[in-house]
Structure formats: structure tokens, C-alpha cells
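Trainee: Residue strings, one per chain:
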Amino acid sequence: DAGVIQSPRHEVTEMGQEVTLRCKPISGHNSLFWYRQTMMRGLELLIYFNNNVPIDDSGMPEDRFSAKMPNASFSTLKIQPSEPRDSAVYFCASSLGQTAEAFFGQGTRLTVV
Amino acid sequence: QKEVEQDPGPLSVPEGAIVSLNCTYSNSAFQYFMWYRQYSRKGPELLMYTYSSGNKEDGRFTAQVDKSSKYISLFIRDSQPSDSATYLCAMSDLRGNNDMRFGAGTRLTVKP
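Residue numbers (the working numbering), protein chains in the order written: chain A, 1 to 113; chain B, 1 to 112.
Calculated directly from the structure, the hints in this document are not laboratory data.
We put the CB at the ideal spot given by N, CA and C, even for glycine.
Please note that a few of the clues may not be correct.
Said to hold, decoys possible - The following label-pair restraints were derived from C-beta to C-beta distances:
{"hint": "1", "chain 1": "B", "residue 1": "S73", "chain 2": "A", "residue 2": "R22", "range": "33 to 41 Å"}
{"hint": "2", "chain 1": "B", "residue 1": "G16", "chain 2": "A", "residue 2": "Q80", "range": "32 to 40 Å"}
{"hint": "3", "chain 1": "A", "residue 1": "S87", "chain 2": "B", "residue 2": "Y39", "range": "41 to 49 Å"}
Said to hold, decoys possible - With a straight-line Cα cutoff of 27 Å, these simulated DSS-like cross-link-like pairs (lysine-lysine) come out:
{"hint": "4", "chain 1": "A", "residue 1": "K78", "chain 2": "A", "residue 2": "K24"}
{"hint": "5", "chain 1": "B", "residue 1": "K2", "chain 2": "B", "residue 2": "K70"}
{"hint": "6", "chain 1": "B", "residue 1": "K56", "chain 2": "A", "residue 2": "K78"}
{"hint": "7", "chain 1": "A", "residue 1": "K24", "chain 2": "B", "residue 2": "K111"}
{"hint": "8", "chain 1": "B", "residue 1": "K42", "chain 2": "B", "residue 2": "K111"}
{"hint": "9", "chain 1": "B", "residue 1": "K56", "chain 2": "A", "residue 2": "K68"}
{"hint": "10", "chain 1": "B", "residue 1": "K111", "chain 2": "B", "residue 2": "K67"}
{"hint": "11", "chain 1": "A", "residue 1": "K78", "chain 2": "A", "residue 2": "K68"}
{"hint": "12", "chain 1": "B", "residue 1": "K67", "chain 2": "B", "residue 2": "K56"}
For reference, chain A alone in the conformation it holds in the complex (with noise of 0.2 Å):
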């Protein structure tokens, strides 16, 4: 298999313009989490989905941000519009259930300038 895959890897953006981040969970996995990494917070759970259906998205930080799940394969992030101080690392993970090893992705770097 070949793990979670995310894309960009990188995405360099202009303050205001919409930003999408792609990710394609484990074939078979059924729960998918989007976190973000920075320097300053660390790394926080954005909103994770069960069965392709949103659960929690209490730490979306605003409504600039947004998260779908249109199938078992498939996730997006999007922030619109994007602000500097979204500039992070953002990764995507999938697992077999809540409570199972979850794998991440390789990340999408997100500067916006």
C-alpha cells in the first residue's frame, strides 16, 4: 500500500487566495484526521471524519476553513481566504476505526505570503 497521500507537498500562496489541500486516505481505512504542525502550537487535530462523515471540527480555528469528505478515497482542506498565519504544515491521517494506528501522510507545507 501505499500509505496516506497528500497533495501539494508544497503550496505557496498569495494573502486571500483560496488554498485546497488533497489527501487519499489508506484503501479500507474508515476514519480520516486533518491536523496542522507549527513551531509555536504544535500539532492540532483541525477535524476528523468517521465514514466519510464529519464528527468533530471543533478545532477548525475559523470559518475560512473548511473540510469535505465526498467518499472513502477522497478529502480535501480549504481555506478561503488564506492568511499568513496560515502558513504550517498540514497533515492528513487515516485508521481502521477511532481507535486503531493511525498513519500519516507526508504533509503539504503551506506558505502564505
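The hints should help you fit chain B onto chain A, whose structure is shown.
Mentor: Just chain B, lined up with the frame of chain A:
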């Protein structure tokens, strides 16, 4: 005060040294404790998992939990250059991945 405190380092040791990595926490409800290893430009990967107090050993790695002191440790024996990475502690009161609270991570370099 953060729920989970971890010294970010950096920590540099010679090859073969014993490494001690630590985290403290404030939430006494935490009972699941994890250590993740994150190589540069990669996502975290689960290294060790323990439940409640006690020790767990896996090869050169030993995880210790002291719930009375709210203190957890990861020991690496006979450290190797390939152990050079950032080590993140994580903990939760329930077993769910969504409940995990992560430390800031300690950056470790093992010099040949």
C-alpha cells in the same frame, strides 16, 4: 499552562549513548500514552503505545509512565544515527485518535 509540556531541545548525543526524552502533563484523566517519531519532511509514525502506568519495552526503546507524577519518558539504548528525528509524545483520556494531545516534540540528533 499547556496540557502537555515537552522540551523541544535540540538534543545532540554521540552514537551509542542512552537517550532520555520526557513529557509532563496536567490532565490527570489521561491514560493512553504514545510516542511518535517524525523524520524531517515526513509525517509522524507511531513508535510506542502504553496504557496507564508502567513500563513497556520494544527492542532498544523503553516507554515509562508515572501517572502519580504526571510524567512519561522514552529511553533509547545504544542510539544510532538513524534515530535522529523529532520525537513527539501524545496522550489522551479516551483511546480515540481524535482525543490525542501532542507535545511540541524534541529534536534529537545522534552523531556518528
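Trainee: With reference to the structure, classify each hint as holding or not holding.
Mentor: Going through the hints against the structure:
no. : hint                       : verdict
1   : B:S73 to A:R22: 33 to 41 Å : holds (38 Å)
2   : B:G16 to A:Q80: 32 to 40 Å : violated (51 Å)
3   : A:S87 to B:Y39: 41 to 49 Å : violated (21 Å)
4   : A:K78 to A:K24             : holds (15 Å)
5   : B:K2 to B:K70              : holds (13 Å)
6   : B:K56 to A:K78             : violated (40 Å)
7   : A:K24 to B:K111            : violated (36 Å)
8   : B:K42 to B:K111            : holds (21 Å)
9   : B:K56 to A:K68             : violated (38 Å)
10  : B:K111 to B:K67            : violated (33 Å)
11  : A:K78 to A:K68             : holds (8 Å)
12  : B:K67 to B:K56             : holds (14 Å)
Against the hints set out earlier in the document, violations occur for numbers 2, 3, 6, 7, 9, 10.
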